[in-house]
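Q: Please model the entire structure based on the sequences and the hints provided.
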Amino acid sequence: MKTSVVVGVDLGGTWLRVVALRADGRRLRSWRGKAPPLAELPRLLRRRWHRWGLRSSGVGGLVIAARGIWTRSERERQARRLRRLAVRVRVIADVEAAYLGALGSRPGVLLLAGTGSIALGRDGTGRWVRRGGLGPLLGDEGSAFWIGREYLRTRRGEASGLRETLRSPDAVARIATHAARVLRQAERGDPRACAIVRTAQRHLAALILDLARALRLKAPVPLSWAGGLLERPKFRAGVFRASRALGLRIKPVAPRDPPVLAAARLALRGDRMVEGGKGVLYTRVPWR
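So the sequence shown is numbered by my numbering: it starts at 1 and just counts up by one.
Derived by calculation from the structure, the hints in this document are not laboratory data.
Hints are supplied without guarantee of correctness; some may be wrong.
Unchecked claim - Result set (DSS-like, lysine-lysine): computed pairs, CA atoms no more than 30 Å apart in a straight line: (1) K218 - K34; (2) K234 - K218; (3) K218 - K251; (4) K251 - K234.
What the hints assert, rightly or not - Computed spacing ranges between beta-carbons, pair by pair: (5) A245 - R81: 40 to 46 Å; (6) P191 - A237: 17 to 23 Å; (7) R80 - R155: 43 to 49 Å.
For every residue, glycine included, the Cβ atom is placed at its ideal position computed from N, Cα and C.
A: See the structure below:
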């Protein structure tokens, strides 16, 4: 393809999503597959370029939104590993792309609950604060992994292949897949599944409340969402109810764009995500 394109990548705990846009912003290609380890991403994207007929010199910008990438040094190190794939490369946290896609630059809270869980918020001065996102060993309460783990704990004698799952290199993602079963059982009225789901919703509501208080956001607090769990209307409604039960007035705001498309549009504009103060500062600074 001779036309210069930009690419956005959303690397989550379970899924990898890739979107290519033309220079005029029209969608060119998209793909979803199982999320690889971050170390394997360059090889996988090179294969995707080959299948799409792309050359690195024709990819004007590439933005990778990856789970758990926070510090400047991490971003720069990963960007160097990917530099041969595009003319310009940036690496940001997946929740940052999710916030930009959902709320843009407006103040509010973005709750992301997929394999893991995290909340990112911004106040009227542009200050950013996050809560959660500590990973499966220290956090991720209310996430699909957390739900799957609680399910396996309560049904150890019934869960088949448990030992194989725990020993697998993708144990976190495999445990997270049990969340869908738990949600289905809860919708049918299974008491153990209902208890797990309600507790997960309360954990996520606590993240929102803590973040809204830290930022001193005025009620009603704009709240948007991302991640596989929150794509389920019934589960999402339960999080909203749990938030209100904690005394927080919220204003649900449907996300405008998915994180992968927000990453692609960030690449199209040539914006940067840079560190600022105690949080993450979003600025319109041309790439160098």
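Q: Between K218 and K251, does the CA-CA distance stay at or below 30 Å?
A: The given pair, whose Cα atoms are some 11 Å apart, holds under the 30 Å limit.
Q: Keeping to a limit of 30 Å between CA atoms, is the pair of K234 and K218 held or broken?
A: Answer holds: K234 to K218 is near 26 Å, not above 30 Å.
Q: For the range 17 to 23 Å, tell me whether the beta carbons of P191 and A237 fit it or not.
A: The hinted range 17 to 23 Å holds for P191 and A237, with Cβ atoms some 20 Å apart.
Q: At the C-beta level, are R80 and R155 separated by a distance inside 43 to 49 Å?
A: For R80 and R155 the Cβ distance comes to about 45 Å; the hint holds.
Q: Hey, K251 versus K234, does the alpha-carbon distance stay inside 30 Å?
A: holds, 17 Å
Q: Taking the CB of A245 and the CB of R81, does the distance hold inside 40 to 46 Å?
A: Distance hint for A245, R81 holds at roughly 45 Å.
Q: Holds or violated: K218 and K34, Cα atoms, limit 30 Å.
A: violated, 39 Å
Hint compliance for this structure: hint 1 is the single one not met.
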